[in-house]
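Chemist: Read in full-length UniProt numbering, the sequence shown has 267 at position 267, and its numbers run on one by one without any break.
Any given hint could be a false lead.
The calculated DSS-like cross-link candidates involving lysine-lysine, where the alpha carbons are at most 25 Å apart (straight line), are [said to hold, decoys possible]:
| id | residue 1 | residue 2 |
| --- | --- | --- |
| 1 | K454 | K472 |
| 2 | K885 | K762 |
| 3 | K885 | K818 |
| 4 | K88 | K549 |
| 5 | K779 | K867 |
| 6 | K462 | K472 |
| 7 | K462 | K548 |
| 8 | K867 | K678 |
| 9 | K548 | K678 |
| 10 | K779 | K818 |
| 11 | K88 | K548 |
These aren't lab readings, by the way, just hints derived from the structure by calculation.
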Amino acid sequence: MQNDLGTGGAVQISSGVERICGPGVMADLIRTHHWMSAGLGCIAEWPDALVVLINMMLANQHPMILFWGDGLTQFYNDAAIPILGPDKHPQSLGRRGDESWAEVWHVVGHQIESARQGTPIWNEDFLAPIFREGHVSDAWFTYSYSPVRDGSGQITGVLVTCLETTQSVLARQSFRAEQERLLALFQQAPAFFAVLRGPDHVYELTNPPYQRLISGRNVIGKKLRDVLPEAVEQGYEDVLNRVYRTGEPFIGNDVQFTFPAFADRPEEVRSLDFVYQPLREPDGSVSGILVLGVDTTERKRTLEALLATEKSAATVLEAISDGFHVIDNQGRFQNFNPAGRAIYESQGLDADELIGRSLHDVFPGIENSDTGRALVECLHTHQPTTVEGCYRPWNRWFSVRNYPTPDGGVATFFQDITERRQTEDQLSEQRERFEFATRAAQIGYWFCNLPFDKLDWDDTVKEHFWLPPDAKVDIELFYQRIHPDDRERTRVAIETSIATNGRYDIEYRTVSPDGACKWIRAIGRTAYNEDGSPARFDGVTQDITALKKVTEALDAERARLSAVFENVPVGLLFTLADGRIVSGNRQAERILGRSFSHEGSETYRDLHVLHADGTRVEVGDRPLTLALAEGGIHRGEYQYVRPDGSCIWVEMIGAPILDAQGKIIGAVDAFADIDVRKRAETALIRSEKLALVGRLAASISHEINNPLEAVTNLLYLIENNTKDATARNFSRTAQDELARVSHIVTHTLRFNRQTVALGEQKMSGLLESSVAIYEGRLKNSGVSLDRDYADTSRVFCSGSEIRQVFANVVGNSFDATKTGGRLVLRTRDQRHWRTGQPGVRVTIADTGHGMPEEVRRRLFEPFFTTKGDNGTGLGLWVSREIIAKHHSRMRVKSRQGDRSGTVFSIWFPLNAVAQRTPEIIEPHTHAVVHSA
1 MQNDLGTGGA VQISSGVERI CGPGVMADLI RTHHWMSAGL GCIAEWPDAL VVLINMMLAN
61 QHPMILFWGD GLTQFYNDAA IPILGPDKHP QSLGRRGDES WAEVWHVVGH QIESARQGTP
121 IWNEDFLAPI FREGHVSDAW FTYSYSPVRD GSGQITGVLV TCLETTQSVL ARQSFRAEQE
181 RLLALFQQAP AFFAVLRGPD HVYELTNPPY QRLISGRNVI GKKLRDVLPE AVEQGYEDVL
241 NRVYRTGEPF IGNDVQFTFP AFADRPEEVR SLDFVYQPLR EPDGSVSGIL VLGVDTTERK
301 RTLEALLATE KSAATVLEAI SDGFHVIDNQ GRFQNFNPAG RAIYESQGLD ADELIGRSLH
361 DVFPGIENSD TGRALVECLH THQPTTVEGC YRPWNRWFSV RNYPTPDGGV ATFFQDITER
421 RQTEDQLSEQ RERFEFATRA AQIGYWFCNL PFDKLDWDDT VKEHFWLPPD AKVDIELFYQ
481 RIHPDDRERT RVAIETSIAT NGRYDIEYRT VSPDGACKWI RAIGRTAYNE DGSPARFDGV
541 TQDITALKKV TEALDAERAR LSAVFENVPV GLLFTLADGR IVSGNRQAER ILGRSFSHEG
601 SETYRDLHVL HADGTRVEVG DRPLTLALAE GGIHRGEYQY VRPDGSCIWV EMIGAPILDA
661 QGKIIGAVDA FADIDVRKRA ETALIRSEKL ALVGRLAASI SHEINNPLEA VTNLLYLIEN
721 NTKDATARNF SRTAQDELAR VSHIVTHTLR FNRQTVALGE QKMSGLLESS VAIYEGRLKN
781 SGVSLDRDYA DTSRVFCSGS EIRQVFANVV GNSFDATKTG GRLVLRTRDQ RHWRTGQPGV
841 RVTIADTGHG MPEEVRRRLF EPFFTTKGDN GTGLGLWVSR EIIAKHHSRM RVKSRQGDRS
901 GTVFSIWFPL NAVAQRTPEI IEPHTHAVVH SA
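Required output: the full structure, derived from the provided sequences and hints.
Modeler: In structure tokens, the structure reads:
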């Protein structure tokens, strides 16, 4: 696809700015941006399609991004600025998309390319880590990629509409857990309750006390008449029908309900206090009934027994547990039963001494207590009174029932209920705590009939929507108070939940009239009529603004710690006090060559650690073990054997991990890969030894040259002063052999001097002088040497360094070739295949065993050798450096098996040291020289 925007002409910074319409940050930035440097030309030259798209995007309050042309030049509107953040805005305007979004391009790049090919993309809650606030963090988005076409129908870009959903994704699980906890508390309420829906009274919800009352029968989703036929038989279905029809609640006090035998429970009659409370929709219609009550059977039985006792003779009063006394019409004590005597005596009063004494005399100011006022009221009005109150002088709670007697006095039954009240106070305190927790958690409840009309919200929900407690709420106000960016997805979520009976669980922002925002999580569900039509949509809301801030802070801190742990340039292992490994970072796994399960199944003793002499390091002597046993920091350098058998040098540093009391609870072991340093030290020692040998060889060479020259001169005199043909032949042969000896001595001196003098050299001459030292070994080993020198040009180079390269390569080829094999040396004048530059190619080929892939990959690594102690691993590495310095090119081809062999091909430019761009050394996998 070609960009159809012109780039020629003079720069016109303001030309065509009137084509960009409307106010706004991005509109101003686009009008003033230097588009000539971005390659788009001035705005006046832009295609109409681009201008229309930009103006449409700038006028939209939904976050939008436009990638235009082959370069994916980026535009975006004001609503997209928060998504880019200060790390990308405003510098992303006019940049390439793959540069601006480099950290996430591997995720979305192929999707954008699909849109450019005509396939639109849509993703919901898609994870796309992006760089914001100085680091890369996980973010979730709902977005679409749409192809953009010009007037001719050609795709010229991609339009992105995007909405970030990170906060809703992160808070969803937290809010769900809170909802379940609140529901559990609701289920633990001491009273029994049930929710019946519809005119057929279908069970929607019950709690454990209700289930115990009905013997655990399975009633949810079933009609009352089908699962509780005794309620129908006893007329309670008619009562429910009346409540449902009239909307008037029914209150039942001390109602007798007969439960039939069920499972292992016999038939029984229970006394119940309950209410049938109609549940109304926002339009006032009744959609269900709340059944709420308490089982008063035991209390009823006690009251019945008490009434029976009151009507019985004095002997019966003696047996009751409640206190009892009689006061005459003058307010004087007449008699007590044993329980009453005991209560008074517990307070230091003798009941017998109270007989005949006035109530006001015994209890001055009795009217100031609830129990005293109730007794005096009964005495004056001759009406029964019942009260539960605390008599402060005794600091005891009493349940008191006063009954007028025929003679104008009062018969009083009283019971010490202090322990019961303490229990009730505890329950009340628990309820208050529950309500406080609900308020503290900012949880509110909402109810509404379907279709939506009036919404029934509690004060907390109204607070979430910035409304006063007396506000009237409808569906339009609900949507009005939701942030514009969240409004549509909230509408879709509600409609989807109602249509599919799915769970409604969403996070959105509510906006106050002055622009302040809260994050709210809403959870709800739809209730349906018998015919399947939706009837109600109820649920709860919670203010999660603070939770979101805490979650974001925790996530950021967790990400920072994880980044440090994973990216620190040393390996780290964490262990428990017993040495079990609980975690390790990537560097530890790379250095040690093993992964860690993080389950504590591996221990520190599993690591194979050796001293420099190859003996095993005992577990008790290792740094981490010493840190666990003694504390402090311990370190050492060891050889470590990986699971694959390879061995490397590592430095280990062990340090203890202490708890708040200073007790060692674990340790951390830091690993550093020092293999290269150790090998370099070894190579340095070996190099010094080789240098010493070289200097010794040079000294010996000088000593040899003097007698060698004398012997050569004598042989020359013999040849020219004798007439014996045989003697002359022997003399010439001896001179040839001595010339070879002289050549070897001279070659040895050249290597020792290591001159870097530059000059024009024939490659065939340098190659021949380098191979001369191996000729004797080649003959003795039965390896044939073929020469094919055809170079005519001279190369400007360092002759001694090129000899070193040839000697290294020839030596390696000789070592790889068996008896009967061949070495082939070729030189040719040859131009560079790509640039046509003149040069010389040198080829050194053998019919040896070839190299496997793993050896070819590491061929030019320093210290890598396949010769064990006989090799330093530096020859080819040094050769590569020399080749690179001469701006030349080396290629390696090798193959194993049948027709095996290796070819080193080196191309030199004629002026090797004057070139600027060295060629890359390329290993290959096939051989071109074979045995005959």
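Chemist: Check whether the Cα positions of K88 and K549 lie no farther apart than 25 Å.
Modeler: holds, 22 Å
Chemist: Verify the proposed pairing of K548 with K678, using a straight-line Cα cut of 25 Å.
Modeler: Measuring from Cα to Cα gives roughly 52 Å; hence the hint is violated.
Chemist: Take the C-alpha atoms of K454 and K472, compute the straight-line distance between them, and say whether it is at most 25 Å.
Modeler: holds, 8 Å
Chemist: Sort out whether K818 lies within 25 Å of K885, counting only the CA atoms.
Modeler: violated, 33 Å
Chemist: Is the straight-line distance between the alpha-carbon of K462 and that of K472 25 Å or less?
Modeler: holds, 10 Å
Chemist: Hinted pair, alpha-carbon criterion (25 Å max): K867, K678. Please report holds or violated.
Modeler: Given that 25 Å is the threshold and the Cα spacing comes to 19 Å, the pair holds.
Chemist: Take the C-alpha atoms of K88 and K548, compute the straight-line distance between them, and say whether it is at most 25 Å.
Modeler: Roughly 23 Å separates the two Cα atoms, so the pair holds.
Chemist: Verify the proposed pairing of K779 with K867, using a straight-line Cα cut of 25 Å.
Modeler: holds, 22 Å
Chemist: Run the distance test for K885 versus K762: straight-line Cα separation, threshold 25 Å.
Modeler: holds, 18 Å
Chemist: Does the structure keep K779 and K818 at a Cα separation of 25 Å or less?
Modeler: Between K779 and K818 the Cα gap is close to 12 Å, so the pair holds against 25 Å.
Chemist: Would the hint linking K462 and K548 be met if the CA-CA limit is 25 Å?
Modeler: This hinted pair holds, its Cα atoms lying about 20 Å apart.
In summary, the numbered hints that this structure violates are 3, 9.
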